[in-house]
Amino acid sequence: MEFKDLEQIIISQSQEIAELRAEVAALRKTQSAAPVFKSLSDPTPRTVAEVEARWQAVGGPHNYVEAMAKNAQLSEARHYEGLED
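End of the sequence shown sits at 251 in the numbering used here; the numbers just go up one at a time, nothing left out.
What the hints contain is simulated information worked out from the structure, not anything from laboratory work. Bear in mind that the values here come from a model prediction, so they are computed numbers and not experimental data. One or more of the hints may lead you astray.
As the list claims (entries may be wrong) - Distance ranges between label pairs, derived from CB positions:
1) D171 x N237: 42 to 48 Å
2) A219 x D171: 41 to 47 Å
3) I175 x A215: 35 to 41 Å
4) R187 x K236: 18 to 24 Å
5) A219 x I175: 34 to 40 Å
Cβ atoms here follow ideal geometry from the backbone N, Cα and C, with glycine treated the same way.
Please model the entire structure based on the sequences and the hints provided.
Shown next, in the form of structure tokens:
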């Protein structure tokens, strides 16, 4: 494989990444207003933006996927400690 071939692969992957980032940003805009999250302790529906803001306020993850993964870990830990059903 020649350098030009590798360069072309990198350019095409960079373009694909940029397109995916734009798609994620657009989805985040449209979905951030929809209630998507309820916890066992507080059944109030939360939006993506609210969850992200809550986590950022406590210095937690800075995106929704990380926040949901962290919440799942905390919920599992509480379950095993007998703090949550």
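Right, here's what the structure says about each hint:
1. D171 x N237: 42 to 48 Å: holds (44 Å)
2. A219 x D171: 41 to 47 Å: holds (45 Å)
3. I175 x A215: 35 to 41 Å: This hint holds: roughly 36 Å between Cβ atoms.
4. R187 x K236: 18 to 24 Å: holds (22 Å)
5. A219 x I175: 34 to 40 Å: holds (39 Å)
Checked against the numbered hints given earlier, the structure satisfies every one of them.
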